[in-house]
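Chemist: As they're listed, the protein sequences go chains A and B. For reference, each letter of the first sequence is one residue, going 1 to 335 in this note's numbering. For reference, each letter of the second sequence is one residue, going 1001 to 1313 in this note's numbering.
Take these hints with a grain of salt, some might be off.
Derived coverage of chain A by chain B (criterion: at least 3 residues anywhere in the stretch with Cβ under 8 Å from a Cβ of chain B; other residues may be distant) [claimed, not checked]:
1. 155-162
2. 172-178
3. 279-292
4. 302-315
Hint data in this document are derived by calculation from the structure and do not stem from the laboratory. Beta carbons: idealized from backbone N, C-alpha and C, even for Gly.
Below are the chains, spelled out letter by letter.
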Amino acid sequence: MFDHWLTQDLLVLLGMGLFVWVLWSGSHHERWQRAWIRFRQDRAGLLALIVVAIYLFVGALEVLQFPTKNGGTRTVLDVFVSGIHDERSYSAPLAQAHLDPSMGNLKGLHLLGTNALGKDVLVQTLKACKTALIIGGLTSAIYLPLGTFFGILAGYFRRWVDDVIQYVYTTLASIPEILLLVAIIMVAPGGKNLGTLSFALGVTAWVGLCRLIRGETMRQAERPYVAAARALGQSHARIVTRHLLPNVLHLVLINFVLGFSGIVLAEAVLSYLGVGTPVGTPSWGNMIDGARAELGRDPVVWWNLVSATGALFTLVLSLNLLGDALRRAFDPKRG
Amino acid sequence: MLSYIIRRLLYAVPILLGVIVITFVLFRMVQSPEAIATIKLGPKASRLAKDEFIKSEGLDRPMPEQLVKHIKRLATFNFGTSWKTGRSLSDTFLTGAGPSLLITLPGFLAGLVASVGLALYQVFVRNSLLDRSLTFFAVALMSIPAVVYIIFLQAVGALALKYFPAAGFNYEGFGTFRFIALPILIFLVLNLGYDARLYRAIFLEEIQQDYVRTALAKGVGNVRVLGTHVLKNGMISLITLTVAELPKLIMGSLLIENFFSIPGLGNVLVLAIQTSDLPVILASVYLGSLAYIFSLILTDVAYALADPRIRLS
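Excised from the complex, chain A in its bound form (with noise of 0.2 Å):
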C-alpha cells in the first residue's frame, strides 16, 4: 500500500499541508509575529530559506507520481528531463565521447557528465532529494511528535512521570548513536529500506528534542500564567494544548529544521556503512560510497563524488544557516 503513487502523493501533500498548518497557526502568535518581523531582516537566513525551498521543490517533483499508459509511474521530474538520454557508461561533463573511448560518442550534451550506468549525474543528483526529503520528513514525522509530546508531559506533571521519561531517555541516550541505529536496523523485520532508516533515526533522534522540551516546560510552567489557568479551573489536557504546546513550538521548528541536516548527514554515513538507503536508489550517500571505487579509476570519475557532495553541502549547509537565524529571530539575546 505504501508503494502505491496515491499513497505517497498524499503522503506528501499532507506532510507539507501539516507543515503549512503550524506555520499559520504560529502566526496568531506574539511571540511568532515578533520572530518573523526581525527574520525578515536577517539576509542570510532568508537566502538559506530560499535555497532549502528550492530543494523542497525538486524534490515534491520527484515525489510526486502519476500512472502511465503502459502501469507504471512516472514522476514529474522525469516528465522535465525526459529530453536527456542515457548513454552506455561513464562519460566526463560536457564531453562528446564515451570516458572508454571504444564506445563511441554521447548521444547528447550532460553538463555533469553520466555515471557507471550511463545516466545523467545532475538529473540522478536531483532526484536524490527526494530520498533526502522522504527520510527527513518520516524521521521528523517519527521524531518531533514524540519528544515534544513527552517534553511537555515531563515537564509539566514533574514527579514520577518526570522520573520514568528522564529514565528511559537516559538509558536511550547512553547507547551511542551510531551503534543504536546500527542494530536497530540490522535487526528490523522490515528488512533495509527506508522506513526503517527512518525508525531508527527517529528513535535515536527524540531525546535531544525531549530535553529541551523538558526544560522549557518547566520554566514556562513556573510562570504565573499556568498558575493563572489552573486557578480558573482549566482541565490538564487544556493547558498543555493551549498554553504549552504553543510557547515551546517554536523550539520544535528551530529542532526541525537543525534536525533535518543532521538526518541528511546521518544518511551519508550510514549509506557507506551499508546500512543506509538501499542499492539502487539515487541517495547522495550512495553515490557518495560509490564514489571511493571510481576515485581509484584511471582516468579518475570525480563528477560523482562532487555533485552529490556539492548538492548535499549545499543543503546541510542552508539548513544549519536557516536554523540559527531562526534561533536569533525567536531569542535575540542568545542569538
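Based on the hints, put chain B in the right spot on chain A.
Modeler: What follows is chain B alone, placed relative to chain A:
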C-alpha cells in the same frame, strides 16, 4: 566524596540494566529464532542445522529464562565468539583497543587544542567581520559528511602528495606515527567545526560575567583576561561537555579506521556490520554504553573536584 562516588555508581545500575534489556529486545525478541539462525547460517542452511543452532543457543527457551541468561552473560562480560571469525570477542576487543586509542586520544587532544585556540581567537576579535567569517567557516565544516573528508584527505595526503601511507598499520616504535598521522589529522578536522562553534559560545557566555568586567576595569590586558581568566573558567563547562563524549568519539574513528585499514575497534565493527555479525554488534552496544556511563560519572566527579561551588549532597 566517597559516598558521592558510591551514590553515582548506584545510579548507574538501573541505567545499565535498561541498556541490557534494550539489547535483549533488539537481539532476541524482535526476530524469531528462525530469522536469527538464518542470519548466522545463511539462507541456504538446512532445517537440521538451524534447529541445532537454535537449540545450542537456547533460543527455544521461554523468554524470562533467556533474559536472565542474557543479563548474566553481559554482567560477567562473557560475550562468546564472533560468528564470522570464530575468535573470542574479549580477545578481539582487547587487541583492537590499542590502535583505536592511538588515533582517538591524540586526535581528541589535538582537536581540543585546535578548537579551543580557534574559539578563543574568535572571542578575542568578537563581532568583527573576521569572527563572523570564521563562524560561517565552522558551520560550513559541519555541513560536509565525514566520508567526504576522509576520501578527500586520503586522496590528497596519501595518494597525490605521497606524504603518508594510504593504508595499513604496524607497531614499530616511533615509526608507528607514519600510519596514524593522517588519520589523526582527519579526526581533528572532523570535529573542528562543531567544537569550535560550541566552545566559542561557552567563552562568549563566560566573557559577560562580572569578574571579566572587573579584571578589564583594573587594567588587565585583553589577552591576559582571555588566556587565564576566561580560559580557566570556561574549561570547567567545556570539560564536562567533552569528556563524556569521549566514548562516542571512538565511534567517530569507525570510518577512519576502515578507510585506512587500521585493525582497531572501529574496523572490527564495520566488518561486523557488513557481515551481520550480531554477537560483535551486541557486545559493542553494551561496551559502548558502559564506557559512556562511566565517563559521565568520571566527569561529574572531576567537575565536583574542580568547582568548589558544586555541593555533593
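Chemist: Evaluate each hint against the coordinates.
Modeler: Tested hints:
1. Check on the segment 155-162 of chain A: 0 of its residues sit with their Cβ under 8 Å from a Cβ of chain B, so the three-residue criterion for coverage is violated.
2. Figure legend: the segment 172-178 of chain A, annotated as covered by chain B; annotation consistent (6 residues with Cβ-Cβ distances under 8 Å, at least 3 required).
3. Note: the segment 279-292 of chain A has 5 residues with beta-carbon separation from chain B under 8 Å; the three-residue rule is met and the coverage holds.
4. Against chain B, the segment 302-315 of chain A contributes 4 residues with a C-beta closer than 8 Å to a partner C-beta. That satisfies the three-residue criterion, and the hint holds.
Of the hints listed earlier, the one the structure fails to meet is number 1.
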